[in-house]
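*Asks:* Could you build all of it, start to finish, from the sequences and the hints given here?
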Amino acid sequence: MSIDLTTDLQQAVEDAAAHLYVWALKDIPQDLRDALGAARERETSVPGRRVLETIHRNVSIADEQKNLVCQDTGIAVYTCRVGEHFPLHPARIYESLRDGTARATLEHPLRSNAVHTITRENTGPNVGHRLPIVHWEFVPDWDGLDVKCVPKGSGSENMSFLKMCVPADGVKGIKQFVLESIVGAGGKPCPPGIVGVGIGGSADYAMYLAKEAIARPVGTRNPDPIVAELEDELYGLLNETGIGPMGLGGDVTVLQCHIEHADTHMTLNPVAVNYQCWAARRASAHIGADGSVDYDREF
Amino acid sequence: MAKHEVTFPVTDPQEILKLRAGDEVTVQGHIIGIRDRTQIRIFDEGVEPPMDLRGAFLLHTAPNVRKVAEGRYEKICIGTTTSARMVRFTEPLGAQYGVRAICGKGGFPDEAIEPMQRLGMVYFAIVGGAAALETTQIEEIEEVAWEELMPECLWKFRVKDFGPLTVGIDAHGGSLYRDVQAAAREKLKELYARL
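Protein sequence lines, in the order shown, are assigned to chains A and B.
Note that the working numbering gives residue 462 to position 229 of the first sequence, counting from 1, and the numbers run on in steps of one.
Note that the working numbering gives residue 155 to position 57 of the second sequence, counting from 1, and the numbers run on in steps of one.
Derived from the structure by calculation, the hints contain no laboratory data.
Sample of chain B residues at the chain A side, in silico, Cβ under 10 Å:
(1) V163
(2) S181
(3) E232
(4) A281
Quick look at which bits of chain A chain B covers, simulated, 3 or more residues with Cβ under 8 Å:
(5) 273-286
(6) 506-516
Note that CB positions come from ideal geometry on N, CA and C, so glycine has one too.
*Replies:* Encoded structure:
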């Protein structure tokens, strides 16, 4: 009995991963569509309007033709929230996510981007050593599993930045580093996108938090009001830089700025920036302890 | 900011010289897909490309394709990658092979401005990520070489109404990227003073 349940659940998670990967690549979330629509309304520069108009046409064509929004199928990044009583161990959840990613890549077929980091030889259908990447969170007193798939394109991922500011740099140091990073990135990460900022923790954890930040629904705010205020301020400042859509100049440089934070050591003040392009793809599912899958759930 | 239509490959240099940074361009004819590994093979490994690049329009791409027969591929989704990684190939592409246009996303750093002016080349900015649209404008994959580099092969596409593209760097020393960066750097000084 327990063996059957495990097998079924493992299959359910694999099916969900395969579906989420392709779904995310083809159908961008409504909150992102709304943000892109608002950007199109307010942009005044000629090249900027041309870019946002083209993005709008592109999203419509992807919908009509059921094609990928962007050709970069990225690296598959999953965020899992695992309930304490979910009957499948995370070791098996990981296997299922990997198998689902590979299956979707072969069946669609999707471009396979995964290579050995030194030899640059392809390692398989978007899987390899430590690929896909999974972020884990564990939830007490719950028997469900939430899975979010974020296919992360390389153009934006290449525009990732970390600075170990010192405490004397204060919040001003954080703001300057984010501004400097986004101006320096120019058109390369496909603006206007979502700027994810991770502050506090340690060097590695700040970058982890920055990646969590880009995966949030567009325009959501950090529950800590002090951090939320910084999100609002940076969002405004970034859009004053004039970098504009695709770096061609204009009013809309970013769709949003999201910040995640962790408490840190008294001598640390780390700030990490992770960029998500305008095609900020993500798709989520909830998997019940009985193997039922609900694809409409957003988290 | 004028609008133009250009058919590639070009034979008349005037077709390139008439374009100015910021102009909108729609492209017809044939374009060549190329990427990091393709150019590493040509220039770092010294292998002659088996396609004529004179007057060519190069697109920074690595397409999603389906193999239909030996050497024949069908498009699935074709988009454009970040150009900046490949800027060092600009000068030899123009000087040795007569390439006239390079198209990608995100722009070229300022080191591309001088060789593009000297050799009569332009950089076209496409909208990164707009691959669904771009795929509809590529009518057919006519040729592919160096299949072992899949998907970073040398591709020949026939296109119709490819664009809209924006002239990012022109053949007269103009660059939108340089201008936008310079203005943003000035703006940053003002923003920092306000923090």
